[in-house]
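Colleague: Sequences listed follow chains A and B, in order.
Heads up, the first sequence is in my numbering, so the first residue is 1 and it goes up one at a time.
Heads up, the second sequence is in my numbering, so the first residue is 1 and it goes up one at a time.
Any given hint could turn out to be false.
Label pairs and their in silico Cβ distance ranges [said to hold, decoys possible]:
id, chain 1, residue 1, chain 2, residue 2, range
1, B, D288, A, Q144, 47 to 55 Å
2, B, V421, A, E60, 50 to 58 Å
3, A, L67, B, E208, 24 to 32 Å
4, B, G133, A, E60, 39 to 47 Å
5, B, V134, A, R191, 54 to 62 Å
Quick list of in silico lysine-lysine cross-link-like pairs, DSS-like style, CA-CA up to 30 Å [said to hold, decoys possible]:
id, chain 1, residue 1, chain 2, residue 2
6, A, K105, B, K154
7, B, K128, A, K105
8, A, K112, B, K128
9, B, K33, B, K138
10, B, K128, A, K111
Hint data in this document are derived by calculation from the structure and do not stem from the laboratory.
Note that the coordinates shown come from a computational prediction; the quantities given were computed from them, not determined experimentally.
Beta carbons are placed, not taken as given, at the ideal position from N, Cα and C, and that holds for glycine.
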Amino acid sequence: MSLAAEAFVSQMAGKIPFIHVGNQVVSELGPIVQFTKAKGHSLSDSLDDVQRAEMKAYMELVNNMLLTAELYIQWCDDATAAEITRPRYSSPYSWPLCLVLAYQKQWEVRKKMNAIGWGGKSLEQVYEDVSQCCQALSQRLGTQPYFFNKQPTELDALVFGHLFTILTTRLTSTELAERVKSYSNLLSFCRRIEQTYFEDKSS
Amino acid sequence: MSYISLCVQVVVQRVHVDGLDRTKDDLLTYEIKEVFRARNLIDVMKKSHEARQKLLRLGIFRKVNVVIDTSRGLTLDVTFQVTELRRVTGSYNTVVGNNEGSMVLGLKLPNLLGRAERMCLQFSFGTKETSYGVSLFKPQPGNFERSITLNAYKVTGQFPWSSLRETDRGASAELTFPLWRTSQSLRYEAVWRELSCLARTASFAVREETGHSLKSSLSHSMVIDSRNSTILPRSGGLLRVHQELAGYTGGDASFLKEDFELQLNKTLLWDSVLSLSLWGGLLLPIGDTPTSIADRWFYLGGPTSVRGFSMYSLGPQSEGDYLGGGAYWAGGVHLFSPLPFTRRQGGFMDLFRTHFFLNAGNLCNLDYGEGPGAHLQRLAECVRWSYGLGLVMRLGNIARLELNYCIPMGVQSGDRICDGVQFGAGIRFL
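In isolation and in its complexed conformation, chain A is listed as follows (with noise of 0.2 Å):
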């Protein structure tokens, strides 16, 4: 999803991805995987109690690692953030709204990355933790189709959302698209998800 969708819809439902379902609206991945569960579909039934936790310590991997690389190149890297991002997120409003709201985001952005400690990180030393959460991955996944077994789960979602995003999002540099690249199991993992699930098979 484009940054200038995210931040319209951001604001509609609080954070994405959301669902919209009757009158109602459910946001981020966790509620709406117990909303479904609730409504009796789950992804993570076939797993036991040991894969299932192993299951959430990778998201919570993804989660920590993943998601805050990204941030961290869209709004802390000045040559990103000047190019890409900031346009990109201040698209939808018009001057000078646009240049309050980029620059708000990422004071806000930049505020959340000292808190966890990864203000003083370089460029470089976020690729080498890309690296290595890719290759935590990579070892997981190893030759199956998906991490658990040959039924995908919420992990897979999760991966295949953040590693297709940076494959195929535009940046001043390709170095974190590289980075993923050279996990070649990871690589024909989002190949396979995006051809099963997300192409039109009919065309």
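Add chain B to chain A, keeping to what the hints say.
Modeller: Using the frame of chain A, we list chain B on its own:
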């Protein structure tokens, strides 16, 4: 001691103003120059009294006394003994309402630069919201009704009937001047509006309206007020026309908004007063930009407009959230009469009136592809109306309280009614 007959020609030779500290002389010359024109003693007294009223109206003196004295022969000296207001005056109020309590701190700097300029600062710390504002007021010396006001503010308001919270940060400049018997004002305003949902249960129609937007608008308003009092008048009329044009000066919002208010009062037998009022408004989108709920769509219903309905709870709605409409009208007929068995004019009982009322109104969205005939038809169908009687209490000369028994009629599905006893407090009433 010398005496002067009331009708003998006199000359006012000197006018003193005692007690001035920071007020500039030239400002006062304009206000008191009429006193020199007086030709006899009655005239002097009358003109001095008028000058005193004019000085008090400037809002820079706490007290003005007039002393008229003979100086030599048929010449008079008039002395105004004034007490200036302090440089800074503060106020402190607590306000309860709208499911929240707040503390309002006000700071006023009257006569800032010596020519009746005024600066006001206001902070409101609520249990949920914080608002603040600063305004600068500068009248033209010698022409107090002509003035410029600059304003900067941040205001947060909650609108539970729409499940919305709106935070406005804005600045405005306003020019006010009299023209014939009207008071005109031209205003430019730039506001950054931030809308968010008040609750997680807010309807999707309201969610779609949320977000940031910028309104930059020019507005004009005209008021003719010949009523003898703003609250519970006995005679006279009021016409207020307001129009706002947004979109040509930048910003996201583009619309033309027209709004009017008409009120006529007439005293009938036994001190009873018949009051007729009519409100109407229209919001026209300009170009392809749809208008947003933040462009202040019109709302109707509640104890201050169409009685017998809940606050702003009639007309278009989505899942219980009232969305307001692009066009409305409302009319009311009231018959006010003093409380029975009270003979004496004035006194505590004079604060109260009984009234019978008949209110009607409608609020809808117009399809601007249709012609004016279809618009009138839309506004004339499904009219909500109500009647009843109640007790009105005047609070100072600004606000009024009402306790009514209402019978709502013409209720449409979706409208929230308040059948029976309804309590209302406000400044502007239909």
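Colleague: Taking the hints in turn, state whether each one holds.
Modeller: Each hint, compared with the structure:
The supplied range of 47 to 55 Å is met by B:D288 and A:Q144, whose beta-carbon atoms lie about 52 Å from each other. Checking the proposed 50 to 58 Å range against B:V421 and A:E60 shows it holds: the Cβ atoms sit about 57 Å from each other. In this structure the hint that A:L67 and B:E208 lie 24 to 32 Å apart at CB holds, the actual value being about 27 Å. Between B:G133 and A:E60 the beta carbon distance is about 46 Å. The supplied range of 39 to 47 Å therefore holds.
The given range of 54 to 62 Å is respected by B:V134 and A:R191, whose C-beta atoms sit roughly 59 Å from each other. Taking the CA atoms of A:K105 and B:K154, the gap is near 20 Å; set against the 30 Å cutoff, the hint holds. Under the criterion of a C-alpha separation no larger than 30 Å, the hint pairing B:K128 with A:K105 is consistent with the structure, at around 23 Å. For the proposed pair A:K112 and B:K128, the alpha carbon gap of about 24 Å is at most 30 Å, so the pair holds.
Distance check on the hinted pair: B:K33 and B:K138 sit about 21 Å apart at the alpha-carbon level, within 30 Å; holds. For the proposed pair B:K128 and A:K111, the alpha carbon gap of about 24 Å is at most 30 Å, so the pair holds.
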